[in-house]
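Chemist: Quick mapping for you: the protein sequence lines, in order, are chains L and B.
Under UniProt numbering, the first sequence has 206 at position 206, and the numbering climbs by one with no breaks.
Under UniProt numbering, the second sequence has 136 at position 136, and the numbering climbs by one with no breaks.
Hints should not be assumed to be uniformly reliable.
Copies of the same chain are indistinguishable here, so a pair counts whether it falls within one copy or spans any two.
Stated by the list, open to error - Keeping only pairs whose Cα atoms sit at most 20 Å apart, straight-line, the calculated SDA-like set for lysine to any residue is:
hint, residue 1, residue 2
1, Lys127, Arg267
2, Lys254, Asn244
3, Lys271, Arg219
4, Lys254, Ser199
5, Lys160, Tyr26
6, Lys168, Asp2
7, Lys271, Asn224
8, Lys254, Glu237
9, Lys126, Ser273
Keep in mind that the hints were calculated from the coordinates and are not lab data.
2 protein chains.
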Amino acid sequence: MDINIVVVGLGVIGGSYAMALREKGYKNIYAIDLNEDSLRKAESLNIINKGCTEGKKFLKDADIIILSVYPELVKEFINNNKNLFKDGCIITDTTGIKGVIVDDIKKSLPDNVDFVFGHPMAGREKKGIDFATSEVFKGANYIITPIDTNKEKSIKLIEKIALEIGFKKVKRITPQFHDKMVGFTSQLPHAIAVALINSDEEDRDTGSFIGDSYRDLTRIANINAELWCELFLGNKENLLEAINSFEVEMNLIKNAIECEDREKLIRYFNKSSIRREKLE
Amino acid sequence: MDINIVVVGLGVIGGSYAMALREKGYKNIYAIDLNEDSLRKAESLNIINKGCTEGKKFLKDADIIILSVYPELVKEFINNNKNLFKDGCIITDTTGIKGVIVDDIKKSLPDNVDFVFGHPMAGREKKGIDFATSEVFKGANYIITPIDTNKEKSIKLIEKIALEIGFKKVKRITPQFHDKMVGFTSQLPHAIAVALINSDEEDRDTGSFIGDSYRDLTRIANINAELWCELFLGNKENLLEAINSFEVEMNLIKNAIECEDREKLIRYFNKSSIRREKLE
Numbered sequence: 001m002d003i004n005i006v007v008v009g010l011g012v013i014g015g016s017y018a019m020a021l022r023e024k025g026y027k028n029i030y031a032i033d034l035n036e037d038s039l040r041k042a043e044s045l046n047i048i049n050k051g052c053t054e055g056k057k058f059l060k061d062a063d064i065i066i067l068s069v070y071p072e073l074v075k076e077f078i079n080n081n082k083n084l085f086k087d088g089c090i091i092t093d094t095t096g097i098k099g100v101i102v103d104d105i106k107k108s109l110p111d112n113v114d115f116v117f118g119h120p121m122a123g124r125e126k127k128g129i130d131f132a133t134s135e136v137f138k139g140a141n142y143i144i145t146p147i148d149t150n151k152e153k154s155i156k157l158i159e160k161i162a163l164e165i166g167f168k169k170v171k172r173i174t175p176q177f178h179d180k181m182v183g184f185t186s187q188l189p190h191a192i193a194v195a196l197i198n199s200d201e202e203d204r205d206t207g208s209f210i211g212d213s214y215r216d217l218t219r220i221a222n223i224n225a226e227l228w229c230e231l232f233l234g235n236k237e238n239l240l241e242a243i244n245s246f247e248v249e250m251n252l253i254k255n256a257i258e259c260e261d262r263e264k265l266i267r268y269f270n271k272s273s274i275r276r277e278k279l280e
Numbered sequence: 001m002d003i004n005i006v007v008v009g010l011g012v013i014g015g016s017y018a019m020a021l022r023e024k025g026y027k028n029i030y031a032i033d034l035n036e037d038s039l040r041k042a043e044s045l046n047i048i049n050k051g052c053t054e055g056k057k058f059l060k061d062a063d064i065i066i067l068s069v070y071p072e073l074v075k076e077f078i079n080n081n082k083n084l085f086k087d088g089c090i091i092t093d094t095t096g097i098k099g100v101i102v103d104d105i106k107k108s109l110p111d112n113v114d115f116v117f118g119h120p121m122a123g124r125e126k127k128g129i130d131f132a133t134s135e136v137f138k139g140a141n142y143i144i145t146p147i148d149t150n151k152e153k154s155i156k157l158i159e160k161i162a163l164e165i166g167f168k169k170v171k172r173i174t175p176q177f178h179d180k181m182v183g184f185t186s187q188l189p190h191a192i193a194v195a196l197i198n199s200d201e202e203d204r205d206t207g208s209f210i211g212d213s214y215r216d217l218t219r220i221a222n223i224n225a226e227l228w229c230e231l232f233l234g235n236k237e238n239l240l241e242a243i244n245s246f247e248v249e250m251n252l253i254k255n256a257i258e259c260e261d262r263e264k265l266i267r268y269f270n271k272s273s274i275r276r277e278k279l280e
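With the rest of the complex left out, here is chain L:
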């Protein structure tokens, strides 16, 4: 537990990482963020030893670097700091798309470090360290998309940490399959939630006529616009394919309603019920 961990980006995910690592007994946790308030807050919560707005100070001693920044900034971070990393440093990220960053980063990665691409499938609709909580990782899925230069022991270490801080399952898949899956399981639901609430008519006091179904389906419509814009556009083809498949199913339902075809509706409902039961 004496290894030096540096969290880059103390938002809701970075903050949650620091919190969860501290709870598990990691002694040396440092953070880099442009926001002084976030750093001071994390210091006063004692979830980091020290924070700094500038990288040099901590990076040269870092054994593990956890990048919890927007996708575009992951590349920028590597490019800006490639001469600062300690030999044998393991870098990991928390980015929700892999295809657009993995190849670029592979090209610019210095030889003395190992980048294990990771995606903690956990998040909150709110942003910022004020909403950080180690609870968010409990029971969640964690994905690693190995690259050919990864050392097995680096991957194992990132897996071990994921399980330590509460993730239930860690899977290794290719960046391509990752992006196809999250286009469906994560980005499509966000597109749906946004479309659902935006299709409401104004000024009809909708809040008085909702049950848990509408609450659940629109929770993520409160969305970090900049981040999700990057994720949507960075996974364009997969997301469009997922939306199209969804629309095909929606049209089946629509046609069954139009034709008052009870049998078909029941068949779709039974299919969805069985799938949901099996899901977890």
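For this one, chain L is given, so just place chain B on it according to the hints.
Modeler: What follows is chain B alone, placed relative to chain L:
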């Protein structure tokens, strides 16, 4: 608390009603259900005094009748029992659609009873008394769709009971507006959830690659097929209109992704975020 209440249909909603009423101190609660096991279970939980598979026994003394049965059975119940009701009896229902039943029932309703149409906007994806819980009503919305023959004091009584058992808000609206709203807030989310999970490809271990967004958006895809078939077809026009409006918004998002139009995407996300913040 000495009034006689008869719950007709001891499923998840009827059972939850009996439970919640008992917790609030109602002493005389009876139930009618075709399933003997449900009746015996409710008796042993002491959430009803006595259950019976046949109506006559309890109906003649009932001050309040709560119908928690499928929409089609509400009409049937009134027609089959119209000579049995006690003078001044207040009947209410829990049906998720109103247009298709209100007019029919108005026609066949005997003069000595008052039917206050109600819709508790609470439910669970599981069916049957085993999943009944008084918690389900806590903080939920309750809708009443008055008809011209309703006595104000009957409506007030149903409102009072709704608030007693935990509903947060009770609204009075027309059956037409009710159906328009629930087409959007309840049936559309169910159609979306079913279409979403049915659009998954098979055999790719989706459960390992999901976060809370997919969990939340598909929870209600585990659906009571018979009931929701009735609700969808009984509110056909409103639901189709809601699906169409949703598809318009989804196409806006799709086009913005196709054209990589960041500005538009950000605009949709900001709109949805503001709406979600304001919702409750």
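Chemist: Please go over all the hints and tell whether each is borne out by the structure.
Modeler: How the hints compare with the structure:
Taking identical chains as interchangeable, the C-alpha atoms of lysine 127 and arginine 267 lie at most 20 Å apart only when they sit on different chains, with a minimum of 18 Å there against 40 Å within one chain. Taking identical chains as interchangeable, the C-alpha atoms of lysine 254 and asparagine 244 lie at most 20 Å apart whether they share a chain (15 Å) or sit on different chains (9 Å). In the homo-oligomer, the alpha carbons of lysine 271 and arginine 219 lie at most 20 Å apart only across protomers (14 Å), although the nearest pairing inside one protomer, at 25 Å, exceeds that limit. Within a single copy, lysine 254 and serine 199 get their C-alpha atoms as close as 17 Å, and across copies as close as 14 Å, so both meet the 20 Å cut-off.
For the identical chains of this complex, lysine 160 and tyrosine 26 are intra-copy neighbours only, at 13 Å inside a copy versus 55 Å across copies, given an alpha-carbon limit of 20 Å. In this assembly of identical chains, lysine 168 and aspartate 2 lie within 20 Å of each other by CA distance neither inside one copy nor across copies; the values are 24 Å within and 52 Å between. Taking CA atoms no more than 20 Å apart as the test, lysine 271 paired with asparagine 224 passes between copies only; the shortest distance there is 12 Å, against 33 Å inside one copy. Taking the closest pair of Cα atoms, lysine 254 and glutamate 237 come within 20 Å of each other only across two copies (11 Å); inside a single copy the shortest separation is 25 Å, beyond that limit.
Within a single copy, lysine 126 and serine 273 get their C-alpha atoms only as close as 30 Å, which misses the 20 Å cut-off; across copies the closest is 10 Å, which meets it.
Of the hints listed earlier, the one the structure fails to meet is number 6.
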